[in-house]
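Novice: Each chain, written out:
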Amino acid sequence: MKQNQTKAWLFLLPTLILVTLFSIYPILRAFLMSLQSGSLISLQWTGFSNYQYIFHDPEFWLSIKNTILYALISVPIALAISIMLAWLIFSKVKHQSFFETTFFMPYVTSTIAIGIVFRYIFNGDYGMLNFILRIFHLPAPNWIDDPSMSLATIIIFGIWTSLAFNIVILMGALRNIDPNYYTIADMYGASGTQKFWRITMPQLVPTLAFLLTMNIIAAFKIYTSVYALFNGQAGVGNSASTAVFYIYNKFQIVGTPGVAMAATVVLFLIILFVTFLQRKMMKKIGGQ
Amino acid sequence: MSNEKFVEVKNLRKVYDNGYEAIKDVSFSVKKGDLVCLLGPSGCGKTTILNMLAGLLFPTSGDILFDGKSVVKTEPKDRQIGYVFQNYALYPHMTVLQNVMFPLTVGKNKIAKDEAEKIARKYMELTQITDFANQRPGSLSGGQQQRVAITRALVQEPKILLMDEPLSNLDARLRLKIREEIRALVKKVGITTLFVTHDQEEALSIGDKIILFNDGVIQQDDMGQNFYLEPNNYFVANFVGNPVIDNFEVELKDGKLVGSDFAIDLADFDQDRFKKNLDEGKYTLSIRPENLKPVEHGHLSVKIEDVELIGRERILKFEHDNMQHRCLVDLEQPIKAEDQVELQLRLDRAFIFTPEGERVY
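In order, the protein sequences belong to chains A and B.
Heads up, the first sequence is in my numbering, so the first residue is 81 and it goes up one at a time.
Heads up, the second sequence is in my numbering, so the first residue is 544 and it goes up one at a time.
Next up, chain A with everything else stripped away, as it sits in the complex (with noise of 0.2 Å):
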């Protein structure tokens, strides 16, 4: 037994070194980080200043807010596009492998690369979407350059990326479910509704949370798609700045190493947070 200890402990650390190194002693970093102030190569201890600043700067608070709002609208709406299109192409469509590579296919093209593309895609005067808006004498408002939109923007931007993982692993958790629960409901004479909602729903549950998790911590964490989408800026005026831009934007292009820790840890707390909240609901749900 205590042999086996030993021998567990040793398989065991080359994980636990990588994990320390890259994990763990980044955050004590970070939340050490935060509590001092000056450049990178003269830090001095300052106490809780960089976090009296970040609490006074209202450009935090706008990025704060932009995160929230934009996790909070585009994961419910990702996840809901991405439940009905994975049980769409489950329950309807012939040719499921080829749809599925298709759907896939954004997950592995670098976000940069779809943020240019999107850039067309959204400019106001000559992009697709409005061409498309105006057809139908809808308002084709200027997606990237007006900072009222510049949110909006992001967020169309955000739940387009974020379908094709989601599909691909609803797909997954579709095809797990016994197809004998349908035939059964088929034969009590069960129609699509009831058999969505009284079984495809609940089987759904723990894929349905895992996603949620990951999408959350996703979407709290964006920057990509910002950089992408506005030519490295936040959006004009800094309009769609995030809590990761604003962490980046302290860091590097200020040089504030102790301000952007100070945010960053507070970007932890909202994450762990959420996903402690989050978690609480979905055993509710399931426990039902």
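A hint or two may mislead.
To be verified - Pairwise CB distance ranges (calculated): (1) Pro584(B) with Ile157(A): 50 to 58 Å; (2) Ser271(A) with Lys661(B): 22 to 30 Å; (3) Pro227(A) with Pro635(B): 48 to 56 Å; (4) Ile157(A) with Ser682(B): 31 to 39 Å; (5) Asp742(B) with Ile104(A): 54 to 62 Å.
Worth flagging that the hints you see were computed from the coordinates, not collected in a lab.
A virtual CB, placed ideally from N, CA and C, is assigned to each residue, including glycine.
Model the placement of chain B on the given structure of chain A, informed by the hints.
Specialist: Relative to the frame of chain A, chain B by itself:
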């Protein structure tokens, strides 16, 4: 109205899309209230037939009649059938009560919730699963899940209950218990039941009648005991019976059945049992192991290789023409392995088959 032919299958054929002919011209009928077993080895087409009865598969040709009316074009939900799957297919996210109520809460049979619960509880009482009404199927034992599945199949008060190998997921001891329970239950409810199984013992013990399939063809449609005592053909004789029947390759020459080291006069057989006059040629002489008796001067002499004890009887194993044979004797028999024994064949209980499998004696 037609109680004798409550379920009637006429010249049923099923060819799958890949060209495989699973069912070749099958006809049979089931009496109202009977429990009929569809028996056969894996891949013989018994589940295909069940699925066609349920409406899950469409027959290539032929007709299926329930109570005198053709149901081939009827949707499964309108056939008034209950179906129990091999793996039960209980909904894991619903409680036992919700599972049982499910058929009453969907489709056109949807009724008020409290009424549905009343019916569900009535049947749950019958199958004695009321105690776990609020548990999930995952926390129940195999036998309990089985009962939930049957209860769910019964709540719509179907006319016909179809069960696809419902006992195969249970352990041996439980299987014995549950099969008796199932028989008692369907008899109590009085529902006509078709029960698919590959286990002959199960079929013999539970069925009012057994239909034995092989290669998509009915081999025998009969009462249980007749499969053992009067098999239709070589396949039935070999499929039914444990330990399996002993087969001896023989040739009919000059009025004698000649084996590799024995010869039996055809005149010694029970003449009334011959189904026709035999031409000279090759035949298989088959006899149940209990009809081989160790005697002083018998038909053939063999060396016992092994003795196996099975409760109140013993199986003597010996080799003949490079084939393993068995002889069933009383526990008191003192014969041991390595003994040389003379065996007498009870010819009035033997069978003779042509090389094509047709029974001629």
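Novice: Give a verdict on every hint.
Specialist: Hint by hint, here is what the structure shows:
Look at Pro584(B) against Ile157(A): about 54 Å separates their beta carbons, and that is inside 50 to 58 Å. A hinted range of 22 to 30 Å for the beta carbons of Ser271(A) and Lys661(B) is consistent with their spacing of about 24 Å. The hinted range of 48 to 56 Å is satisfied by Pro227(A) and Pro635(B), whose Cβ atoms lie roughly 50 Å apart. At roughly 37 Å, the beta-carbon separation of Ile157(A) and Ser682(B) lies within the given 31 to 39 Å, and the hint holds.
The hinted window of 54 to 62 Å between Asp742(B) and Ile104(A) holds, with their beta carbons roughly 58 Å apart.
In summary, this structure violates none of the numbered hints.
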